[in-house]
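**Student:** The residues making up each chain are set out below.
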Amino acid sequence: MDEFQTAEEASFLVDEVSSIIKEAIESAIGGNAYQHSKVNQWTTSVVEQTLSQLTKLGKPFKYIVTCVIMQKNGAGLHTASSCFWDNSSDGTCTVRWENKTMYCIVSAFGLAI
Amino acid sequence: MGELGPDEGAENTYSLRPGLQHRFKSSTVKECIHAILKEKLANVQYIPEEMPELTKSLSEIIKDRLKEEGFDRYKMVVQVVIGEQRGEGVNMAARCFWDADTDSCAHDVFMNDSLFCVVAAFGCFYY
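Going line by line, the protein sequences match chains U and B. Quick note: the first sequence uses the numbering used here, first residue 1, plus one each step. Quick note: the second sequence uses the numbering used here, first residue 1001, plus one each step.
Among the hints, erroneous ones may be present.
Claimed, not checked - The calculated EDC-like cross-link candidates involving lysine to aspartate or glutamate, where the alpha carbons are at most 16 angstroms apart (straight line), are:
no. : chain 1 : residue 1 : chain 2 : residue 2
1   : B       : Lys-1040  : B       : Glu-1053
2   : B       : Lys-1038  : B       : Asp-1108
3   : U       : Lys-100   : B       : Glu-1088
4   : U       : Lys-56    : U       : Glu-9
5   : B       : Lys-1030  : B       : Glu-1069
6   : B       : Lys-1067  : U       : Asp-86
7   : U       : Lys-22    : U       : Glu-98
8   : U       : Lys-56    : U       : Asp-86
9   : B       : Lys-1025  : B       : Glu-1088
10  : B       : Lys-1063  : U       : Glu-23
11  : B       : Lys-1040  : B       : Asp-1064
12  : U       : Lys-59    : U       : Glu-9
13  : B       : Lys-1030  : B       : Asp-1113
14  : B       : Lys-1038  : B       : Asp-1113
15  : U       : Lys-38    : B       : Glu-1088
16  : U       : Lys-56    : U       : Glu-16
17  : U       : Lys-59    : U       : Glu-98
18  : U       : Lys-72    : B       : Glu-1088
19  : U       : Lys-72    : B       : Glu-1084
20  : B       : Lys-1025  : B       : Asp-1101
21  : U       : Lys-59    : B       : Asp-1099
Claimed, not checked - The following residues of chain U were derived to be distant from chain B, with all beta-carbon distances above 12 angstroms:
no. : residue
22  : Glu-16
23  : Ser-19
24  : Glu-26
25  : Gln-35
What the hints assert, rightly or not - Derived CB-CB ranges, DEER-like:
no. : chain 1 : residue 1 : chain 2 : residue 2 : range
26  : B       : Asp-1064  : U       : Ala-10    : 35 to 41 angstroms
27  : B       : Lys-1056  : U       : Thr-6     : 46 to 52 angstroms
28  : B       : Ile-1061  : U       : Asn-73    : 25 to 31 angstroms
29  : U       : Ser-27    : B       : Glu-1039  : 24 to 30 angstroms
30  : U       : Lys-100   : B       : Met-1111  : 40 to 46 angstroms
31  : B       : Pro-1048  : U       : Ala-33    : 24 to 30 angstroms
32  : B       : Met-1111  : U       : Leu-13    : 50 to 56 angstroms
33  : U       : Ala-10    : B       : Arg-1065  : 30 to 36 angstroms
34  : B       : Ile-1047  : U       : Ala-33    : 26 to 32 angstroms
35  : U       : Gly-58    : B       : Ile-1047  : 24 to 30 angstroms
36  : B       : Glu-1068  : U       : Ala-10    : 30 to 36 angstroms
37  : B       : Arg-1065  : U       : Lys-22    : 33 to 39 angstroms
38  : B       : Tyr-1126  : U       : Lys-100   : 29 to 35 angstroms
No wet-lab data here; the hints were simulated from the structure. Cβ atoms here follow ideal geometry from the backbone N, Cα and C, with glycine treated the same way.
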């Protein structure tokens, strides 16, 4: 009668999300060198692409995706996040990517409805 | 016949949406974050060994402060980014897939001579 979702359909699968993020980064900034004029467009496209792929999964989640792109010049960068949620249903995935001229850090958070 | 029992006539009390007073208000949260950053990072220099601890503790402190603010039934995510000031270019973006009516975010940036700090706080209502 009532269709309940299986455990897999309603959970945040880190590997799946991680591969979605990697694909989005590769396609948006794959072979590019850091360019100040384009970086705004790049962060936007990485984030939007990741979000649209996540929503296509069709899971009952609210998503938050953040992306930081930083030029490589020897400076240090640290990120940390703290979450107040339900550990059994919610999850996060962070991907660090770099090439010769820049670092890209994408974090995706999924909160169950 | 047809009596509801001891709670006869009781109203539904489970609210499906937050009232105006209980919304995750961007402005309130931004003020909280601003005050904490000003207090904790006022004279801090960028020291590579200390930064990981500082970033983690800052995100915990901000999350605990937001919990105290009393946003009932809100799940919260706080992200802190600290970087050294060396003239590099940085760009940060965020997109969310949520219920725009109930959910919201706030962010603040703190800069001094040796470091910059960006904090983004997101609040999602739990139905």
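**Student:** Evaluate each hint against the coordinates.
**Tutor:** Hint by hint, here is what the structure shows:
1. B/Lys-1040 to B/Glu-1053: holds (13 angstroms)
2. B/Lys-1038 to B/Asp-1108: holds (11 angstroms)
3. U/Lys-100 to B/Glu-1088: Roughly 14 angstroms between the alpha carbons, so the hint for U/Lys-100 and B/Glu-1088 holds.
4. U/Lys-56 to U/Glu-9: Within the cut-off at roughly 13 angstroms; holds.
5. B/Lys-1030 to B/Glu-1069: Within the cut-off at roughly 12 angstroms; holds.
6. B/Lys-1067 to U/Asp-86: holds (14 angstroms)
7. U/Lys-22 to U/Glu-98: holds (11 angstroms)
8. U/Lys-56 to U/Asp-86: Answer violated: U/Lys-56 to U/Asp-86 is near 23 angstroms, above 16 angstroms.
9. B/Lys-1025 to B/Glu-1088: Not OK: B/Lys-1025 and B/Glu-1088 at ~33 angstroms, beyond 16 angstroms, violated.
10. B/Lys-1063 to U/Glu-23: violated (31 angstroms)
11. B/Lys-1040 to B/Asp-1064: Holds: B/Lys-1040 and B/Asp-1064 sit about 15 angstroms apart, inside 16 angstroms.
12. U/Lys-59 to U/Glu-9: holds (6 angstroms)
13. B/Lys-1030 to B/Asp-1113: violated (22 angstroms)
14. B/Lys-1038 to B/Asp-1113: holds (14 angstroms)
15. U/Lys-38 to B/Glu-1088: holds (15 angstroms)
16. U/Lys-56 to U/Glu-16: holds (12 angstroms)
17. U/Lys-59 to U/Glu-98: violated (30 angstroms)
18. U/Lys-72 to B/Glu-1088: holds (7 angstroms)
19. U/Lys-72 to B/Glu-1084: With a Cα-Cα distance of about 12 angstroms, the restraint between U/Lys-72 and B/Glu-1084 holds, given a limit of 16 angstroms.
20. B/Lys-1025 to B/Asp-1101: holds (11 angstroms)
21. U/Lys-59 to B/Asp-1099: Cα-Cα ~15 angstroms, so holds.
22. Glu-16: Given that every Cβ of chain B is farther than 12 angstroms from that of U/Glu-16, nearest at about 16 angstroms, it holds.
23. Ser-19: Label holds. Min Cβ-Cβ 18 angstroms, cutoff 12 angstroms.
24. Glu-26: About 17 angstroms separates U/Glu-26 from the closest Cβ of chain B, which puts it past 12 angstroms; holds.
25. Gln-35: The claim breaks: U/Gln-35 does not keep its Cβ more than 12 angstroms from every Cβ of chain B (closest is about 9 angstroms).
26. B/Asp-1064 to U/Ala-10: 35 to 41 angstroms: violated (29 angstroms)
27. B/Lys-1056 to U/Thr-6: 46 to 52 angstroms: violated (35 angstroms)
28. B/Ile-1061 to U/Asn-73: 25 to 31 angstroms: Given about 30 angstroms between the Cβ atoms, the range holds.
29. U/Ser-27 to B/Glu-1039: 24 to 30 angstroms: Given about 42 angstroms between the Cβ atoms, the range is violated.
30. U/Lys-100 to B/Met-1111: 40 to 46 angstroms: Since the Cβ atoms of U/Lys-100 and B/Met-1111 sit about 27 angstroms apart, the hinted range of 40 to 46 angstroms is violated.
31. B/Pro-1048 to U/Ala-33: 24 to 30 angstroms: holds (26 angstroms)
32. B/Met-1111 to U/Leu-13: 50 to 56 angstroms: violated (38 angstroms)
33. U/Ala-10 to B/Arg-1065: 30 to 36 angstroms: holds (31 angstroms)
34. B/Ile-1047 to U/Ala-33: 26 to 32 angstroms: Holds - the Cβ-Cβ distance for B/Ile-1047 and U/Ala-33, about 30 angstroms, lies within 26 to 32 angstroms.
35. U/Gly-58 to B/Ile-1047: 24 to 30 angstroms: violated (46 angstroms)
36. B/Glu-1068 to U/Ala-10: 30 to 36 angstroms: holds (31 angstroms)
37. B/Arg-1065 to U/Lys-22: 33 to 39 angstroms: Cβ of B/Arg-1065 to Cβ of U/Lys-22: about 34 angstroms, so the range 33 to 39 angstroms holds.
38. B/Tyr-1126 to U/Lys-100: 29 to 35 angstroms: Check failed, 43 angstroms falls outside 29 to 35 angstroms.
Comparing the model with each earlier hint shows violations of hints 8, 9, 10, 13, 17, 25, 26, 27, 29, 30, 32, 35 and 38; every other hint is respected.
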